[in-house]
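The listed protein sequences derive, respectively, from chains G and R. This note's numbering applies: residue 1 is where the first sequence begins, and numbers increase by one. This note's numbering applies: residue 1 is where the second sequence begins, and numbers increase by one.
Since the hints were made in silico from the structure, they are not lab data. Check before you lean on any hint, since a few could be wrong.
[Stated by the list, open to error] With a straight-line Cα cutoff of 20 Å, these simulated EDC-like cross-link-like pairs (lysine to aspartate or glutamate) come out:
(1) Lys147(G) x Asp151(R)
(2) Lys366(G) x Asp94(G)
(3) Lys132(G) x Asp239(G)
(4) Lys147(G) x Glu391(G)
(5) Lys132(G) x Glu68(G)
(6) Lys147(G) x Asp94(G)
(7) Lys366(G) x Glu38(R)
(8) Lys118(R) x Glu38(R)
(9) Lys95(G) x Asp152(R)
(10) Lys147(G) x Glu182(G)
(11) Lys366(G) x Glu317(G)
(12) Lys147(G) x Asp152(R)
(13) Lys203(G) x Glu317(G)
(14) Lys132(G) x Asp151(R)
(15) Lys366(G) x Asp353(G)
[As the list claims (entries may be wrong)] Counterexamples of contact, computed for chain R against chain G with all Cβ distances above 12 Å:
(16) Arg24
(17) Lys47
(18) Gly76
(19) Asn88
[To be verified] Computed spacing ranges between beta-carbons, pair by pair:
(20) Ala147(R) x His293(G): 37 to 45 Å
(21) Gln59(R) x Ile218(G): 52 to 60 Å
(22) Ser158(R) x Tyr81(G): 39 to 47 Å
(23) Thr72(G) x Gly23(R): 53 to 61 Å
(24) Asn156(R) x Gly331(G): 23 to 31 Å
(25) Arg78(R) x Asp32(G): 27 to 35 Å
(26) Pro220(G) x Gln59(R): 41 to 49 Å
(27) Glu74(R) x Glu391(G): 45 to 53 Å
(28) Arg70(R) x Leu338(G): 24 to 32 Å
(29) Ala147(R) x Thr310(G): 31 to 39 Å
(30) Lys147(G) x Gln59(R): 18 to 26 Å
(31) Tyr28(R) x Thr310(G): 23 to 31 Å
No residue lacks a Cβ here, since even glycine has one placed at the ideal position from N, Cα and C.
The lines below spell out each chain.
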Amino acid sequence: MSGKLNETSRRLFVGVALGTAASYSRIKGANDRIRLGAIGTGGRCQYLLSLLQNLPGNQLIAICDIYETRRTQARLKFASYANEYGDYRKLLDDKEIDAVVIGTPDHWHTPIAIDALAANKDIYVEKPVTHKLEEGEQLGRAVAASKQVVQVGMQQRSWPHIAEAKALFLDTGALGQITFIETHWYQNYFKRHGHYPDLDASKINWKAFLGSAPDQPINPARYFDWRSYWDFGGGSLTDLFTHWIDVVHWFMESTLPISAFTMGAHYLFPDRDCPDTMNATFLYPGNFQVIFHTSLVSILEGGGITLRGTEGTLRVERDGYAFYAEPEGYGETLELPLPTRQVRIARNDGTKDHLQNFLDCVRSRKVPNAPAAVGINAARPGQMGNLSFRENRLVLSSSLNLRNDAERGVCA
Amino acid sequence: MRLGTPILLLLLCASAFPQTATGRKAPYFAFTQTNAGETPLSQYAGKTVLLEFVSTTCQYCGPALQSLNRLQEEFGRRGLQAVGVAVNPNANVLVDDFVKEQHLTFPFGWCTREQARKLLSLTPSDRFVVPQIVIINPTGEILQQTAPQGDDPLRNESTLRARLSALLTPAAPRTK
């Protein structure tokens, strides 16, 4: 077993190294700078812009946000010469812009992406790419009708160690028959709850922030913690679980669960829409189940995923992976056996690689690592899980009439 | 110049021209069938093989295999052998039901993605979507294969039909 892995591993590393170097030789106009516009320049988008600043061949020339304070903050941080816009449609009208980075709250992702496609812009859009289940078909249709490059912020797809884990243990069948996949994400939001920066009502276009949401008064909690409110986000299932379920889809070659069932509660934050404590179960075609645990207390173990097969167990984290060949003896102990193979990486964020992949594909016009179809499929299980929680019922995908034209007849 | 530099350059050049060009000899490849066990592709020597790598969990693969059903029916007498191989995890326990659901009329089995990559001449870091289609001539040379990612006209049934029609000699008329 170990000899086989070593041989595969060597080939994999050679392949990765050569692939990266060779990609530059295929890029058309590699010296041309890609001119970017940023839409929704809050915390996450500013992080993306900080990474892009350190990647060659791109230039931020326009910034859009409905909150002037953040818009100006982003301009001063990343491109003092950039044009500022309060309306993203005006930014999309700028013919100088090749591609846009969309980092708005979730409920704006799909509408802006569709408008950006119509304006012939390439797109890097944060996850979840859709806010509602029905948006998947709308976005898929728009993507299928365009020739633009769309990369969704499912950065696990560009993380080299996760790709390596797939190649070594999924693609070789080393795990045997996989029936059970556990995912979790634990974050402690309790300490920071209710502490928001000042929100200057005179500088925010609240109506534009609301978009498709029902009219409601300005509320700092809903602005700064928008992920916790159904009008703008979807809580842990669409914010965090979407990352791991995308890895499941990628590893297991699946796109949609058969069913979803969620139990959740507001033990900590009764003022929020989305539950702070939750378990969700998903049954997939392909003879396996996925569960997701999340709570907003106790950060021990953070986020991770464990695949259990008849021949072994694979744990994947953002800073590495560990494969355990099935032990000979059963044990009930705090200490795990030594892994058969373990890889740890120094830099635990694949977002930079993911942005680089996007820039490469803008030049080469190739399919990026996480195209729209991948993002649409990754958003759906969490949305089904939220539907289950909100309606307290088992949700069957067959009853939802879901389509995804973005795939254009292939499964990634 | 250090010894490593020319070796690296050589490797980079090799990578710039991946060995996925058509006309190459297909490497040894075998897939597994529930009833027939390990089935080497060489078993179909003398026939034109239309091989399709799929996933039993991919919504597009069923319809693609229905195309193979039709093409096998249409071109079987002219020397076509359609073969389907599932590459998804757990395929070994899924193919039997899948074959029944899809009413497949040609050999269908499973292999690992790693095995498929070898036949497709892709490296472990190369990503490929399914379905992947490969046409192999009667002497075991790969005549055509789909692009690993993105659109490819070969996934269109009418394109495949035209290609096969041009490749295969017309069948002799049936005698009474």
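* **Hints violated by the structure (numbers, ascending)** => 2, 4, 5, 7, 9, 10, 11, 13, 14, 19, 21, 22, 24, 25, 28
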